[in-house]
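Novice: Here is what each chain is made of, one letter per residue.
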Amino acid sequence: TQLLEQSPQFLSIQEGENLTVYCNSSSVFSSLQWYRQEPGEGPVLLVTVVTGGEVKKLKRLTFQFGDARKDSSLHITAAQPGDTGLYLCAGGDNYGQNFVFGPGTRLSVLP
Amino acid sequence: KAGVTQTPRYLIKTRGQQVTLSCSPISGHRSVSWYQQTPGQGLQFLFEYFSETQRNKGNFPGRFSGRQFSNSRSEMNVSTLELGDSALYLCASSTVTGDGYGYTFGSGTRLTVV
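Sequences listed follow chains R and V, in order. Count along the first sequence from 1, then add 24; that gives the number in this note's numbering. Count along the second sequence from 1, then add 30; that gives the number in this note's numbering.
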């Protein structure tokens with residue numbers, strides 16, 4: 025069974041700070057996705073990475089897929105209160121099968 | 031374009047009862063997946079349907095079942111409810127994008143079993 029671990033589990037920072045959260049596995053994934061979930065809502069897809077070493081940027085968010093496709097990181101620059109939420113990584117194959125989610129990092133950005 | 035619609039949003043049931051949850055995917059999406067989310071276990075995969083056929087199944091007891099209709103709408107059913115079935119049930123429709131599969135989740139159905 026493929027498992028994903030995420031760290032840290034909880035993170036509370038002040039507005040304007042930078043942060044990085046991590047997603048790790050002992051398994052290789054063909055693709056890895058990051059989602060953000062706000063209370064009372066479903067997760068929203070932020071990005072999909074498919075190539076080892078790939079870096080994608082989405083405004084203040086930078087996503088990196090490890091060279092071996094076993095790990096990924098999400099870096100947020102100058103965090104804002106609107107970034108508050110549960111960040112989930114999910115790994116699977118390109119056909120959307122065998123998808124597994126990590127337990128998530130709960131981020132709180134204080135104004 | 032309308033998103034994924036799940037009904038109802040909230041549900042309270044008694045132990046031993048059964049429940050049916052509904053999911054309407056994004057128009058044109060043929061794959062529908064169901065997940066259970068709890069604080070202790072996170073997001074756990076229940077099953078996936080594609081063109082009315084169950085394509086994948088997670089590690090849940092037979093009390094959890096689902097189906098998909100010809101218009102891609104899906105339902106999941108839980109029979110003989112237990113307290114531990116209390117959770118947020120999420121439905122996701124997906125389609126192939128340039129990067130592979132992309133999930134769009136609904137807002138979920140919050141089921142409370144008392």
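Hints listed in this document are in silico derivations from the structure and should not be mistaken for laboratory results. By construction, the Cβ of each residue, glycine as well, lies at the ideal position given by its N, Cα and C atoms. Take these hints with a grain of salt, some might be off.
[Claimed, not checked] Each computed SDA-like pair below joins lysine to any residue, with the alpha-carbon atoms no more than 20 Å apart:
#1 K87/V x Q88/R
#2 K83/R x T108/R
#3 K81/R x G132/V
#4 K87/V x K80/R
#5 K80/R x G132/V
[Stated by the list, open to error] Stretch by stretch, here's where chain R covers chain V in the computed footprint (C-beta under 8 Å, at least three residues):
#6 59–73
#7 99–105
[As the list claims (entries may be wrong)] Selected chain R positions facing chain V (Cβ under 8 Å, derived; list incomplete):
#8 E65
#9 P67
#10 L69
#11 T72
#12 G90
#13 L112
#14 F123
#15 F125
#16 P127
#17 G128
Novice: Where does the structure disagree with the numbered hints, that is, which hint numbers, in rising order?
Specialist: 1, 4, 7 and 12
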